[in-house]
Structures are given as structure tokens and as C-alpha cells.
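When you get a sec, could you build the whole thing from the sequences and use the hints?
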Amino acid sequence: MTAYKFLGDGSVSPFAGFRWPVGEWVEAAAADPCRRGIHACRVQDVPFWLGHGLWEIELDGEIVVYQRKIVAPRGRLVRRLTDWNRELLEEFGAGVLARTRTRFGAVAVLSGYVGDIQNHLASGRVPLAAFAAARAAELSGGPAEYERERLRQAAWLADRLGLGTA
Amino acid sequence: MRLDREITCAQVVDLVTAYLEDVLDADDRERVEEHLVFCDGCSTYLDQIRQTIAVTGRLEPEDIPPALQDKLLAAFREWSPA
Amino acid sequence: MVAQPPLEERRLVDALRAGDESAFTRLVEEYGPAMLRVARMFVSSRAVAEEVVQEAWVGVLNGIGRFEGRSSLKTWIFRILTNTAKTRAVREGRSIPFSSLAGEDEEGGAVDADRFLGDDTRFPGHWAAPPQRWEAAPEGRLLAAETLEVLEREIAKLPANQAVVVTMRDVEGFDADDVCNALDISETNQRVLLHRARTKLRRALEEYMQ
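Residue numbers (the working numbering), protein chains in the order written: chain A, 1 to 166; chain B, 1 to 82; chain C, 1 to 210.
Keep in mind the hints are simulated off the structure, nothing from the lab. Here a beta-carbon is modelled for each residue, glycine too, at the ideal position from N, C-alpha and C. All clues given are correct.
Okay, the calculated beta carbon distance ranges per label pair:
| id | chain 1 | residue 1 | chain 2 | residue 2 | range |
| --- | --- | --- | --- | --- | --- |
| 1 | A | L81 | B | D4 | 26 to 34 angstroms |
| 2 | C | R46 | B | A75 | 16 to 24 angstroms |
| 3 | C | L148 | B | R77 | 31 to 39 angstroms |
| 4 | C | E9 | B | E62 | 22 to 30 angstroms |
| 5 | C | A113 | A | G112 | 19 to 27 angstroms |
| 6 | A | V12 | B | A74 | 53 to 61 angstroms |
| 7 | A | Q118 | C | E207 | 27 to 35 angstroms |
| 8 | C | A136 | B | D70 | 48 to 56 angstroms |
Short derived list, chain B residues pointing at chain C, Cβ under 8 angstroms:
| id | residue |
| --- | --- |
| 9 | M1 |
| 10 | C9 |
| 11 | A18 |
| 12 | Q48 |
| 13 | I49 |
| 14 | V55 |
| 15 | L59 |
| 16 | A75 |
| 17 | P81 |
In C-alpha cells:
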């Protein structure tokens, strides 16, 4: 199946520190010293893991689904999604801010998060801004609202990056 | 108010050794990593723990002083294998 | 799981059993400095630590005939060392608790509570005063000799059980299993002691780096 993966400079995985080759099948044991498997995002997982470079990855074998990722025994980097860059990240952040302002800008207690998000964006911390928006949403209506905000973020990214169409 | 699934920075700090020792269960590990994505403070903290470990590993071994070495050798020569 | 000891190790053990002095000096060279450093964490002075190391080697020689290779030779030697050191510490009136962590030094969280936001804020439990990257400090500061001295002093200030564990793990590079086996403590205790020690060492470096 097709999934997505954020990698740092030089296609290095952010937590395991594995340098991914492009186009070659990689077994979990090689990519992850603890053999937990190859971690990847479904479309709905993408907003949780925002990172430097976004790649499409093909997974093979039995896939285990976690709350915010999927794990497979084998994977192959297919291509880098070059539309994912700093400008798009900032545009994403601006959308998060606008939505939060519309929904909660006039709500006591929650309106403070609008200013927080603005500050996070001003300092370039877009993932933190996206978390703050989901946090405000959860405070407004419980855990389901947190997930709903994250799904809205995922939908925006899917639309702009053409995720989930492969 | 704490969120349903949220892990706080204070908790990440408490879990940092368990995270590095790889003894967290899959859910906790995911929550820690999810937090690290957006939290610069905790990413810095984790890096600093790693740097601390690295610097600690650079402490030089002290040589066994010659007098002790002599005593050890004497003890060896006194000892006869069974 | 009992792995066969590596050939190299079996040869060394055989040579030592046969009374080969060069095998002995090789082992002393390899493990002696680490033994001295670890022993020093248990007892009151350098001189006493040297006596502990000497006593431990006598124990190694007397026991080598019975060494079965169930653990690595290194783990076995350090088990003898730490047992010798523990006994000596008790005789010195220093009791060093490894198996029970309750009530030893009273510790709050790893980091001062006031570095985190309170429950009445928009981000409770998140950083109020996040750590500042050390990369901002003058280049090379982290690796300077003075920094190593700060660490040495801080390790010396730790409770002895934490000092022993962090010395074995992070100074001498033992893995967790080796430390558990040598000290006869559970994996959890080992990790808690290591956590407390690393936390304090980081904090000491943080203060120094600022």
C-alpha cells in the first residue's frame, strides 16, 4: 500500500536516524535497530508528524495499525513530494490560525489560543501551532474535537499535496 | 486542563531514560515521539541528555598506579592455580 | 539465554587458569582502570578503592577455576568487584542501597517544577522556561577539559548507588544487562538510578553552559 513518511535532510529518519535509500526495498531490521518495523503515515496521520521532507513510501507485508501511524516489515521510498516546502507549511499554518480564530476567537478561555498560534507561527513553529489548534478544539468539545481538527488539517494537506490519490 | 491523550513536557522529561533505553510500550513511545515533533523544548532536552551521555563517556580512565600494579602482580605470583 | 563465551575470552580464561602471567596483566590493563573508578564510587577514599581492587583480583584468581561462562568474563569480574566494594562500604559504615529505592534521597521531578506551566494555564505541564540549546555556547565548550571536571565533581556528589550505575553505564560503557547482573539489581532499579543520575548531570552541565 502507499503511505507517507517525513524524513530530515538527506532522507534520514527523525527518530531512528536511518538514512533511507530511494527506490530500494528496506527490511525493518535494517531501518530500525529494535525491529519494530517501518513507520509510516496514513493520510490522517500526516499532521502529527510534520517534518522537513515528505516522501511517498510503498509498504509491503503485514501492516500493524497504531493510533497515529502504521508499521510494516518492508518499505520502499518511491518519491519525494516536492510540493511540500516551507511556503506550503506556512500556508498550512495560516489556515490553522484562520480556522481557530473563526471558531474560537470570541470564546472566552479559548480565544487565548489564537494569540498563541500567532506567536508560534511568528517563530516558525508550525507543528506547535497545529497542536495548539487541536488543543483548543478538544477543550471546546472533548477528545473527538481534537481528532476532528487534526482531520481538517489532514484534509487540507491531502488536498494541496494530492495525498491518498495514488 | 490536560487533554485526553496528551503527554506533557514534565512527563516527557520523566520518561526520557525509558525512551532512550527503549522500554516504553508502543503507545507511550508514539506519544513521546508525537510530542517531540512539535515541542522544541523537549527536543532540546532529549538532545541534551544525549550530549550528557556522550560527554560522560569521554571521562578518561585513570591508569592503575604503579604501586597497585606491583601489588597485583605480587598477588598473582603468590597465587597458584588449583 | 546462555551464549557461548567468545573464543578469545575462553582462551584468556584457560591461560589464566594455567597461571599465565601475561593473561593476567592483560586483564588488569583492560579492566583495572574501570574497576578502580567504580570501586571509588562505593568507598570513602582513593586508597580504600585501591585496596578493594586488589582484594577483588584475589577473588578473581581464586574463583577463576569455577567460572562457568554463564555471564561474560567482564560481568563476572565486576560482580566480584562490586560485591567486594559493597562489603567494604558496609564495614566503613556506608550502606549503599541498590535493591530498595524507597526513601533514599528525596527527589522531586527531574527538573524544577517551576520550569513548567501550572494547571491554570493554556498549556499545563509544558515548558515555562525551556532548556536553551548548548550549541549556542562558544564552540568546543561542551568538550573542554573544564566541562569534564564539572562532570567528575557532579558524579562525586551523586548518591553512591546512582554514581555506580552511571559510571558503569555511561563512563565505562556497560550495557544495562551487565550492570543488572554485576550489581544484582532489577532492570527497573537500574533504570531509575541511571535516570536520576543523568538528570542531575544534565542539569549541572546546563548551569555550567549558561
